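The primary structure of each chain is shown beneath.
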Amino acid sequence: MAKTPLQFRHNGRDVALFVDGGTNLLVVLREMLGDVTPKFGCGQGGCGACTVLIDGEAHLSCLTLAEAVEGRAVETLDGIKTGPNLHPLQRAFAEGFAAQCGYCTPGMLMAAKALLDRNPQPSREQVVEAISGNICRCTGYEPIINAVLAAASSRASA
Amino acid sequence: MLELRKDIFADERDDNLNEVGKGTQRQDMLGHVTGTSTYFNDHKLQGMLHVRVVRSTQSHARLRRIDTSEAERSEGVRRVIRGADVPRNLNTLLSLINFGKDDEPTLAVDKVRYRGEPIVAVVAETLRAAAEAAAKVRVDYESLPSVFDVEEALKPGAPTVNETYPKNTFTYHERYDHQKLRFGDVERGFAGADHVLEQRYQMSPIEHAPVETNGSIAAPDTNGRYVVYTSTQALFFSLDTCAKILDLPSNTFHFIGGTVGGGFGGKVDTLTEPLAILAAMLTGRPVRYVLGREEEMQFGPPRGAERIYIKDGVMRDGRIVARQIRGYFDSGAYTRLSSYAVVKCAAHLPGPYTIPNVHGDIYCVFTNRTPATAMRGFGITGMDFALECQMDKLAHLIGMDPMEFRILNAYRDGDMKAHRREAKNTALIECVQVAAEKAKWPIREEFRRMSSRKDGGGARAAVPSTPREPAQPRSAPAQQRTSYDRGLSMPPQPDPPPQAPAPSPGHGATRFSSVFGTRRR
Ligand code: FES
Ligand code: FES
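Order-wise, the sequence lines are chains A and B.
Sequential numbering of the first sequence, starting at 1, is according to the numbering used here.
Sequential numbering of the second sequence, starting at 1, is according to the numbering used here.
Calculated from the structure, these hints are not laboratory results.
Keep in mind it's a predicted model, so treat the numbers as computed, not measured.
Every residue, glycine too, gets a C-beta built ideally from N, C-alpha and C.
There is no bait here: all hints are sound.
Residues from chain A shown here face chain B by an in silico Cβ test under 10 Å; the list is partial:
1. R30
2. T37
3. F40
4. G48
5. T76
6. C101
7. G107
Construct the entire structure; sequences and hints are all you get.
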């Protein structure tokens, strides 16, 4: 199968590799780059567990052709800490018990980050809208919404 | 804020619950928010192969021929596994505790019993290659009549789903076709009741739908052992199940569990590990077998459906004097854990109430549906739904407040339960009182003053005389229309004139009155 060269920024680092035609970004991140923070839940755009940021916007990596990120910046949960310091969203999720099994958490955090990066003071409705493509089966929506709002207000007061 | 009612639970446990009521961080939280919690599928091993299973497209069929020749020649395929390759191709999960007969193959050989049953496993270099090859497997089916309804499955002449259980019911203690509970005499209870209400309840199967699908990775390890990363909820249970199916000592396997991406009961069936390990054994390579989302939703085992008939005799003053329950658990094509759910269910009857005459028959039934499994309180949850719906209907029928109706009938400490154990630390009355208070639901003073620790036991601790089973023909259960079903706004029916007196003392029904004082609104 023909291989295509691919270059993009992965959490601030330039990466270059060859991919098979048709490979999706989730497979590139998990299997080729070893970044397992985006999760596979469905492979068909139904669950949001694979959510990553592409040039700051939330995307489902399982539905994104790897070739489509050529020259762009891809951010995953692996890249949102600053050194050892947790991102305010990570802190708020931990403090607010916004994760149970943790499987939806990377996708939730990235969807929430995309929101806060463009709208630092969202309303509750905007938070709900932002994570509406992310399924949590451990009944975590209320704590998750509250954690996103808490992160927003902690950043405002910081 | 958490409120500890030590007055009720004084002898239950130490008062010093250091953690309860305080916020304590979960030990895995940091891993979750940083994405470093390791799930089975986060392990990547050198030279990993992938499994795709060919599943039955039919609900019930004989397998005439399985042609894998084209699949074997397909690009990237390393091995095609058939039933004959599985060392012990028949198992039942609870055989580990000697409960039930082996009834389910890992890969179907002569027959398929539900749509989605695994027939052949293709092992290939990539998942895509495995899927493409799987599509080339030719299965020649001879369709058989299917049965999808629990009561149809019990009729004479119904197709036999699983030859291990030719009558389509699980066999208890090597001879009984269901779980039976007898306490007092329901027929006499009904005869003396002011009202008799019979209703039918039907639960749907429920898929757990964890965000992480079922899966595992198996790899050859040093010294002839195999390491297995798995999503299982029951690590040693899965390990022993694999040891049995693969006919190897259990120390051949090093199972590594860890973080489960949502389970809820749907990850105890050891769905993927035996084939992943077998593929690793047959190829000498690490192998990954993960259910796709469609497989998880369609063929992953759900909470089984239940059909429940409840017939109650109730007095105008609110006392339930007889309760008869017939329940059918849809186990699907194989036993898995439904046999056990049925036992739990029978032990739970008649719910948390003291009723002097109880009669229960609960069946574990085989149909051509996806095998059912554990899910959060399985065996109890569905039955409780039916029982509590019934309680609301009964309260409505006699024009009593549903909360007070529950308090009146609630079991109390010292009462005899239908399965002949004394009730202890019951606390249902207090739960209802607190729930009513929190919901600002007014209940009358005398019901607010009732206590689970008062007025129980005594006559209520006796086992009523229970007749030997008369050879009574099984009457067809009924579904009565009630005004409840037509909306709560309709006033309850006026009481009919009393026809029969309440059952005589000593029989068990009227002893309530001496305890509670009878009253009605
Ligand atoms: S894995 Fe991408 S949306 Fe579910
Ligand atoms: S925490 Fe389990 S799916 Fe959200």
